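Go by the hints and put chain B onto chain A.
The chain contents come next:
2 protein chains.
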Amino acid sequence: MFAPVYLDHNATTPLAPAVLEAMLPWLSGQFGNPSSRHEYGRAARRAIDEARQQVAAAVGAHPTEVVFTSGGSEANNLFLKRAAACLRPSVLAVSAVEHPCVVKPAEQLVRQGWQLRKLAVDGEGRVDAEAYRCVLQDKPQLLSVMGANNETGVLQDVATLAEAARAGGGWFHSDAVQMLGKLPLSFRELNTAGVHALTVSAHKIGGPKGAAALILDKRVELAPLIAGGGHERGLRSGTENVPAIVGFGVAASLAVARVADCGVQMAALRAQLELGLVALGARIFGAAASRLPNTSYFAMPQLDGETLVGKLDRAGFAVASGAACSSANPEPSHVLAAMGVAPDVARGAVRVSLGRETTAAQIEDFLNVLQATVVGLQQMTAMKLDAA
Amino acid sequence: MFAPVYLDHNATTPLAPAVLEAMLPWLSGQFGNPSSRHEYGRAARRAIDEARQQVAAAVGAHPTEVVFTSGGSEANNLFLKRAAACLRPSVLAVSAVEHPCVVKPAEQLVRQGWQLRKLAVDGEGRVDAEAYRCVLQDKPQLLSVMGANNETGVLQDVATLAEAARAGGGWFHSDAVQMLGKLPLSFRELNTAGVHALTVSAHKIGGPKGAAALILDKRVELAPLIAGGGHERGLRSGTENVPAIVGFGVAASLAVARVADCGVQMAALRAQLELGLVALGARIFGAAASRLPNTSYFAMPQLDGETLVGKLDRAGFAVASGAACSSANPEPSHVLAAMGVAPDVARGAVRVSLGRETTAAQIEDFLNVLQATVVGLQQMTAMKLDAA
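Going down the list, the sequences are from chains A and B. The opening residue of the first sequence carries number 8 in the numbering used here; numbering runs sequentially from there. The opening residue of the second sequence carries number 8 in the numbering used here; numbering runs sequentially from there.
These are calculated hints, taken from the structure and not from any lab test. It is possible that part of the hints are untrue.
All copies of an identical chain are treated as equivalent in the list; a pair is satisfied when it fits inside any one copy or across any two copies.
[Stated by the list, open to error] List time: in silico SDA-like cross-link candidates among lysine to any residue, alpha-carbon distance up to 25 Å:
hint : residue 1 : residue 2
1    : Lys318    : Gly36
2    : Lys225    : Asp320
3    : Lys318    : Gln37
4    : Lys318    : Arg53
5    : Lys318    : Gln385
6    : Lys146    : Arg52
7    : Lys318    : Ala50
Computed from a predicted structure; not experimentally measured.
Bound-form chain A, shown alone:
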């Protein structure tokens, strides 16, 4: 089987073998509906209860604070739209570098009378402290700032931002799908600082697609996005995706058990990668900020990111030219635009995101192939310029 080197772990991750093994019984003999009052149903309910405990333990929350959803996008939409549904429309603040599944629901709320403030970021992608203080004067009733950016890997100081927002009395949410498994994450600590909700997702941490969670302070009033049979304490109806939820539980336990080792290992590999990138003349976005240990987002002078990603793909390396979810849309990244990166530089952006299974040999191979590709493309560009 053709198996290119996978360096796109921020888009999605391979299922850990132990996760698949845990899921398989729930994809065969143990197929019950957790709401059913017979042995098949009870077994499924017990499995979900266990997964809820595993996810809760992994994120430092209580099991009753875990609301399972079908994915991170659903969890973010659930929080923003359905907390808004329980409030009088006022001011809503989200950072300018949020994922589209935070930006778009926030924009939908504008049509319902909410005033949206996008929090400006500095050149490294961090929420600008001065601009933030200004927005807080408007007392936003809903705030959402991601833990780590999916494109740059740049971290926000969510606890400090939440603490500053506290006096305003708003609900503070953080999309942490890129944080979990890469850095320590504690809802209890964040909650103490003033964070009321976190989004985490299975398929970013070696778990399956189809399961995620909103970790929710129970003081937050929320109407369901998907109403019906009253599952998930009435907050999310629909037959639970038992195999995916079971897989999420195991993946969360594994990810957290390995987070310290993985962090060290990935940071070392990323340093090796970026040393090579800089030697090739790359500009690395957000390099001066605290970042996820696995993410490197860069541009090579004069080269188009899409073209480079295509060449690398054919050479056996799977990397991204931008956030996977918006790859259908070849506009320059809104994250880089918010960081003040010029569109012609932003069009060169390439993201490499490492995983647990990435090796130093793969990074070395990648750098060699990248060098050859860059030289080839630059020669072509030079020839075109000469001919013109």
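Frame of chain A, contents of chain B only:
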């Protein structure tokens, strides 16, 4: 392994072995994000395209009319709430026997200014023609009537109802999750009659939990319930659950290929079952109506349904006392209430729903165990009455 006889197929179904086989590659080496522009991503995109064609072919629709969601509840919420979001609030009509995931979103819309008309049903559970004509005079702009009821199996004449509603210009939706795989289903034919949207779900037809679809006439304007990266033509954002969608495609193909044979087989088994039930003195709900061939919903005189289900479970037979999704709520069924069944009779309701793998020997065993259980419970009841 303890494996009771499973007679609860309207709650959920075992995964067909061919479905699991088709899913497995997407749970191991083929783990890409379909939005990624590298080989892993393209392979996942092709798999989703193929599944979309399979589901479209199975329901007689065009692939571009298939909007994948995480489940039937999401699809029903998506249609009702997000078609409503594109309309001026007016009148909305849903049948009195709809699943909670239609009833609850309809009730949520009332808070947004919609007037909800619940369509009365007759004693057999069919939408009452006279009452329907009355409601149509109010020109409902949104209508939802299920194809087959999950509790009774009673069929609605959706095409005729939709045709009658046409002059009013509203959007007509039908929850068909219980129809697919049990009876022939053609969106093209229904669409010609005036049905604009159908909900179908994988886990009711031998497919996995976590995948369903809204089959949607493209003239219907719909805002996304889950907004973000713009997946599913902008109607449903979030990384696609590739393994579940692949499984859905295969399950839909299989279910439709077998629908005629299965129908005949299940009708024969159900006849055997109901002959035995009537001999034991059971009242069968909706017996005079056209029903799904696999569903039997009945009550034994003087016996509580929950108690009976518990006894049958311990004796090795998995059946339901009501809709699985609302089993957490031991109130008498709203479906039976709408049919005019007295609460004390409705409390006795037990649902047996057969599957492809159900055998005549299992039905015979079930009837024997039921008889013994009923006699035992009736003797206990008689003793209590004597003692009182």
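Could you work out which earlier hints the structure fails to respect and list their numbers in ascending sequence? Violated hints: 2 and 6; rest satisfied.
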